[in-house]
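Construct the entire structure; sequences and hints are all you get.
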Amino acid sequence: MSAILPPSQRLWWKQPLDKVEGTWIALALLWCLILFFMMPFWHVYGKQNLSNEAYRTSPEAFQKKAQELVDQYTVRTETDANIPVVRPPAGSDIYILGRLWQWWPIYELEKGQTYRVHTSSLDWQHGFSLQPLNINFQVLPGYEMVVTMTPDTSGTFTIVCNEYCGVGHHTMVGRIYVVDKKE
Amino acid sequence: MATTTTDYRICPDTGLQFHRSAENLMKANAVAGVVFLLIGGILALLVTLTRWPAVHLLPADTFYQALTAHGLDMLVFWIIFFEIAVLYFASSTLLRSRLATPKIAWLGFALMIIGAVTTNIAIWRGRSSVMMTSYVPMPAEPTLYLGLILFAVGALIGCFVFLGTLVVARAERTYQGSIPLVTFGALTACIIAIFTIASGAIILIPTFLWSAGYISHIDPLMYRVIWWGFGHSSQQINVAAHVSVWYLVAALVFGAKPMSEKVSRGAFLLYILFLQLASAHHILVDPGVSSEWKIFNTSYAMYLAVLASMVHGLTVPGAIEVAQREKGFNKGLFEWIRKAPWGNPVFSGMFISLIGFGFLGGISGVVMGTEQINIIIHNTIYVPGHFHATVVIGTTLAFMAVTYFLIPALFRRELIWKGLAKWQPYLFGLGMSAFALFMMGAGTLGVQRRHWDMGFTGAMLGYEYPGSAYLMMGIMGIAGVAAVIGGGLYILITVGSILFGKKLPGAQFHDLPTPVPQAAAALQGHGHAGFAAPGTFALALVFLVSFVVYYFINWKYLASVWPLG
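Line by line, the protein sequences are chains C and D.
Numbered per this note's numbering, the first sequence spans residues 1 to 183.
Numbered per this note's numbering, the second sequence spans residues 1001 to 1565.
The set of hints was computed from the structure by calculation and includes no laboratory data.
Positions of the beta carbon are idealized from the N, C-alpha and C atoms, including for glycine.
Wrong hints could be hidden among the right ones.
[Stated by the list, open to error] Cut-off 25 Å, straight-line C-alpha distance, at most; resulting in silico cross-link-like pairs (DSS-like, lysine-lysine):
{"#": "1", "chain 1": "C", "residue 1": "Lys-47", "chain 2": "D", "residue 2": "Lys-1556"}
{"#": "2", "chain 1": "D", "residue 1": "Lys-1262", "chain 2": "C", "residue 2": "Lys-14"}
{"#": "3", "chain 1": "C", "residue 1": "Lys-19", "chain 2": "D", "residue 2": "Lys-1327"}
{"#": "4", "chain 1": "D", "residue 1": "Lys-1556", "chain 2": "C", "residue 2": "Lys-111"}
{"#": "5", "chain 1": "C", "residue 1": "Lys-19", "chain 2": "D", "residue 2": "Lys-1262"}
[Unchecked claim] For each label pair, taking beta carbons as the anchor points, the in silico distance ranges come out as:
{"#": "6", "chain 1": "D", "residue 1": "Val-1031", "chain 2": "C", "residue 2": "Arg-10", "range": "35 to 43 Å"}
{"#": "7", "chain 1": "D", "residue 1": "Phe-1552", "chain 2": "C", "residue 2": "Trp-13", "range": "33 to 41 Å"}
{"#": "8", "chain 1": "C", "residue 1": "Glu-108", "chain 2": "D", "residue 2": "Ile-1485", "range": "20 to 28 Å"}
[To be verified] In silico negatives: residues of chain C with every beta carbon more than 10 Å from chain D:
{"#": "9", "residue": "Gln-67"}
{"#": "10", "residue": "Val-70"}
{"#": "11", "residue": "Gln-72"}
{"#": "12", "residue": "Val-75"}
{"#": "13", "residue": "Ile-83"}
{"#": "14", "residue": "Ala-90"}
{"#": "15", "residue": "Gln-102"}
{"#": "16", "residue": "Asp-180"}
Take a look at the structure:
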């Protein structure tokens, strides 16, 4: 019963390890090294990485930038709440804001184009979760994150909030349309 | 310390010695833990029945309230009360020493009780449904944070009483040489706990002041970074504690000894050295934190802690295999495991805990702790799938298993309903495994955690998850109910045994501690092909292959989403 008794050999650290342990430690260490190198590897060769670009902002400043885009490029409104559907020029900077309990506005993007997507929250923490792709990241008040996205599939995509933000959390749903190039 | 003639009791069945003060404290902490397990378990049923789409039991506000209470009662109160009992056992009982400062230990216990009750009342009052993480700037009542702080101070006192007992045992020479491996593991848990509670204080005290109106602003990103230094490390206390319990059970049931002390202790040391900043993997998709920092912290720290768990995953069953081969179960690769006492809940609970923790909890944890793969997992229901595998199958089930040993040894009662006790770990362990697995499956399909309604009732814009997501959430519900029944059986059996179990006959009392016996020499000359534990090695290879395959499947899945940068 030696795991509950003091080691039988006083100099237990001098006891040689068994072959089974040595082999396993070598294998496990090798695997841990592979796990480690996969992350920098993906930064170089993979296409899905979150950028480090982030700024401090305020709810007012962020809302202003989103409003500018809405004023300029709204093509129609949707639902009873008249949520603007915004179609900015391909490749531009777009602003998606999260607030209790809405992602605002709706964007119509062009397939194959790269957009700089800015996100921030006007109140509590929110979670940006794009379905059905399952792209997820955190949205914090006071921080503006920029992620470049290249929609390579067309269709209707839904932004679900995946950070608990109060009792209406489950109604916090937004939308992105990705359309093929027209004309 | 005054010693009366009945201060030390030798358990006639196990030969363990209990110091009266330590024994009472162990009982009090274990019982308090089980009370919170009961509360958390009732809430677990309500939460499961709400997330099971076909049932959808609670209204939204009650659901978030129940979920907040469930998280804190289980992850904090149940587990830490039990861990304090484990610390007293690993110090006072295993070292055959008196407990240092029992009165201060009772003070710690009282603070923990007051804190836990205060926090529960704050949640019950309805304005503190902020979840376990209590992310600012979403506010809770000041009493929620105050309760957590009081509980933490109480637990910290428990840690210092444990350390004090180690000092007393050494000074009074109750044992010779180094402390036993299980005590070493408990020491690991204690050191991590002290770091963790410090992090908790750094963030919870200002948050309490903010909530009470004395501080105007807390930066949400800073809150997250420091909170997770507390939140994640506190789960590493559990890992160190339940790995110690695995070694303990292997020793109690099989008389197993570690294959080499050096390897097992070295692995515990890796936990201490390398896990703190591994909590960075909770902020992998946060704005304002650089990729270099994320990679550095999730790799150097996390993978060396992963290495430690992979080592324990081999050495615990390896020690059992060696002990079984010594007893003559030496045929082929797996006779040792076939002939293990599968009807003894102390063993079956511990072994299911080990397998579930490794395969489900360990692999999923590494996958979602990878900087880029986290993008397709963060905050989905995959996350609770992962931690139910680590904390519930790993920690809770290991604690359940050791309770079946403690009821006769510590409480001197015979188990009631032995037939049911035999099945309890299977019902709980397998129910919880299916529960965790289907949560991970649903998370892969994008189902959110901490979310009242996957149908988005009342939302202006709708979204419909695929039918398979609903199917998985349904199976999760059924498996969750099975696990809750398994947990309920555990409470019935243990509480019933303590109250109504047949009293076991007389212990011998002594006025002085009896010395710790010396362990026999290490076992040698067993196994095949030069391996002392070839069967375990084969199982470990199965684990490694599953790990590699699943890891790269997730990279492939990640590669299919939109290019991001």
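Hint check results:
At roughly 12 Å between alpha-carbon atoms, Lys-47/C and Lys-1556/D fall within 25 Å of each other, so this suggested pair holds. This hinted pair checks out: Lys-1262/D and Lys-14/C have alpha carbons roughly 8 Å apart, not beyond 25 Å. Distance restraint check for Lys-19/C and Lys-1327/D: the Cα-Cα separation of roughly 21 Å lies within the 25 Å cut-off, and the hinted pair is therefore satisfied. As the CA atoms of Lys-1556/D and Lys-111/C are separated by approximately 22 Å, the hinted pair is consistent with the 25 Å bound.
Pair hint Lys-19/C plus Lys-1262/D holds up; C-alpha atoms about 14 Å apart against a cutoff of 25 Å. Evaluation of the 35 to 43 Å hint for Val-1031/D and Arg-10/C yields a pass: the beta carbon distance comes to about 39 Å. Evaluation of the 33 to 41 Å hint for Phe-1552/D and Trp-13/C yields a pass: the beta carbon distance comes to about 37 Å. Take Glu-108/C and Ile-1485/D: their Cβ atoms lie about 50 Å apart, and the range 20 to 28 Å is violated.
The Cβ of Gln-67/C sits about 19 Å from the closest Cβ of chain D, beyond the 10 Å cut-off, so the non-interface label holds. No Cβ of chain D comes within 10 Å of the Cβ of Val-70/C; the nearest lies about 17 Å off, and the non-interface call holds. For Gln-72/C, the shortest C-beta to C-beta distance to chain D comes to about 23 Å, beyond the 10 Å cut-off, and the non-interface label holds. Every beta carbon of chain D lies more than 10 Å from that of Val-75/C, the smallest distance being close to 17 Å; the non-interface claim holds.
Distance check on Ile-83/C: its Cβ comes as close as 7 Å (rounded) to a Cβ of chain D, failing to clear the 10 Å threshold; non-interface status is violated. Against the 10 Å criterion, Ala-90/C stays outside the reach of chain D, whose nearest CB is about 15 Å from its own CB. Distance check on Gln-102/C: its Cβ comes as close as 8 Å (rounded) to a Cβ of chain D, failing to clear the 10 Å threshold; non-interface status is violated. The beta carbon of Asp-180/C is kept farther than 10 Å from every beta carbon of chain D, the shortest such distance being approximately 15 Å.
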